[in-house]
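*Asks:* Listed below are the residues making up each chain.
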Amino acid sequence: MTYLTRAVMLTSVLALAACTNPGRFGGGNEVNLGANSGSGAIVPGSANDPASPLYFQQSVGDRVLFAVDQSTLTPEAQAVLDGQAAWLMQNADYTAVIEGHADEQGTREYNLALGARRANAVQEYLVSRGVAGSRLRVVSYGKERPIELCSDEACYAKNRRAVTVLAAGLTS
Amino acid sequence: MILRYLTLLAALWIMAMPATVQAQNGPLRITIDEGVIEPLPFASPDFVAENTAATQLAADIARVVAADLTGTGLFREIPKDAFISQITSFSSPVQLADWRAINAQALITGAVSAGSDGRLTVKFRLYDVFAGQELGSGLQFDGTQAGWRRMAHKVADAVYSRITGEAPYFDSRVVFVAETGPKGDRKKRLAVMDYDGANVQYLTDSSSIVLAPRFSPSGDRILYTGYETGFPKIYLLDVASVGRQVLENQPGTMSFSPRFSPDGQTVVYSLTQGGNTDIYRMSLSGGAPQRLTSAPSIETAPSFSPDGTQVVFESDRSGTQQLYIMSANGGEPRRISFGPGRYGTPVWSPRGDLIAFTKQSKGRFHIGVMRTDGSEERLLTASFLDEGPTWAPNGRVIMFTRETQGAGGESSLYSVDITGRNLKRVRTEGGASDPSWSPLQN
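So the protein sequences, as listed, match chains A and B. Here UniProt numbering is used: the first residue of the first sequence is 1, the next is one more, and so on. Here UniProt numbering is used: the first residue of the second sequence is 1, the next is one more, and so on.
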């Protein structure tokens, strides 16, 4: 597959995902494109194509969660990131933006800085597993982009996250 | 001497005495620090329209003057249907006995003249009804009919200052983040309004996130954090032209939490690099940014002292968010907050005497104030989420963001007196957060 083909495909897949997925910021597990129903064949770009962003999102796992006010990676998080690193090594056309997020229990500025710590922890871990740092960028959204909306720990736990969002090609 | 009534109530030793007796002796002031118990009753009859074109404005201006004063919690307006006499001429002597009879401690009279050229002239007098004399001399303001609310605020400012001895603050604006949409898909844009919520003007669209705008000391520019590039960066916006420029765009970094120095020439802000957030300053006339802190902890939310020599900020170097003060050129900071809980978003009072902050303790958020050495901490509010205080230009009132909990949670603006009294919501069209109060307008 040429870079261009893959980039075009990625764009359309991401666009479709954006339309389908109620959790707009990197998505949840409820995305179902229905593109592969029935046949059992691997449809390029679908969730059962191991080289697809959807596979990365759903099967590898695009996010890790954090304890309150922490940016330390748990063993579970490290296992997910091992998978992300392996996938990124195999799919060298992709770059990624790592988004750091915080729950709403904190002031705006502090949460921006905390989200940056979390995103950075993920970046450093992926680099330690062999992913080129030039393929990864980090951004913090602080508490600006909750995916779960209740004001309980059940929701907070899912909002304290770092999400690895794939982008097409080219390092800058 | 004038409005002795309130002052009397304020002083504890006087409170046991009958109010009528004190009215003869007390100084005519509201002394806010002492905690006024009973608002001062005043009458604000419709201003006299000096020509037909001014009829509506004359009523509107008197209404806004009254709203400004009652909004402080220090004054109580006497309903117009209680009036015994009317004011039909600005220059004729007023029948003070008629106002005394309805217990108006203060009487505000005014006259409005509207020119065909769009100009507006407003005159007013303030009477100490029980002393039987005018308080100060009459004043006249000239402006435009479109700017009639400002004229009303100027009148109210003069009344407020004469009676309380405090600096004025009604003729001011607030920049804030206007919010629409549900919690899971919130749109944010910058907006500016009068301090009382009127005259809203939007400064950006909602295509990318904007956060925490800050007025310049002259009120003509705004600093804020925007995600226009996909990454948080600090921007400078010119209020008149709405033109904006990114100030810090170093690749691989994020910048946020900017604030002006008192002379408007320098910006302090946070820069995040490699996951670590520190405080920097840059001159708006150019030159390399100067790093003020260098620690592996989070250093953010810097705010200058009014003399520009020091910066208060928050840091979690001790393990939790606490407040610190350092020289405006950096150097070893000294910690000033030591109570239980976490302290953030410190803002130095324009008077220099107090620092307002957000405190988190036992699952609640508070807005509080402390002296600059950390003593005399006072919590003014408590709720699920209060944060981001900003000072009125006179250092007497604080505005902040209050957010309600749950999936339907919404942000709104509230204000509170630094005594902790008069907590109230500031009316905005939709959701609102991150207020920053302008200086008094010229």
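The hints are simulated quantities; they were obtained by calculation from the structure and are not laboratory data. Yeah, the Cβ is synthetic: ideal placement off N, Cα and C, and Gly gets one too. Where hints are given, some of them may not hold.
[Stated by the list, open to error] Not the full set, but computed from the structure, chain B residues with beta-carbon under 8 Å of chain A: (1) G184; (2) G274; (3) A301; (4) P340; (5) G344; (6) L379; (7) Q405; (8) G406.
*Asks:* Under the criterion of a CB-CB separation shorter than 8 Å, is G184/B in contact with chain A as hinted?
*Replies:* holds (5 Å)
*Asks:* Per the CB criterion, is L379/B less than 8 Å away from chain A?
*Replies:* violated (15 Å)
*Asks:* Does the nearest C-beta of chain A fall within a distance shorter than 8 Å of the C-beta of G406/B?
*Replies:* Holds - the Cβ of G406/B comes within 8 Å of chain A, reaching about 5 Å at its closest.
*Asks:* Double-check G274/B for me: the hint is only fine if its C-beta lies closer than 8 Å to a C-beta in chain A.
*Replies:* Hint on G274/B: holds, closest Cβ of chain A at ~6 Å, below 8 Å.
*Asks:* Does the nearest C-beta of chain A fall within a distance shorter than 8 Å of the C-beta of A301/B?
*Replies:* holds (5 Å)
*Asks:* Let's test the interface hint: is any C-beta of chain A closer than 8 Å to that of G344/B?
*Replies:* holds (4 Å)
*Asks:* Mind checking the CB of Q405/B against every CB in chain A and telling me if the closest is under 8 Å?
*Replies:* holds (4 Å)
*Asks:* Just to be careful: measuring from the Cβ of P340/B to every Cβ in chain A, is the smallest value less than 8 Å?
*Replies:* violated (16 Å)
Checked against the numbered hints above, the structure violates hints 4, 6; every other hint is satisfied.
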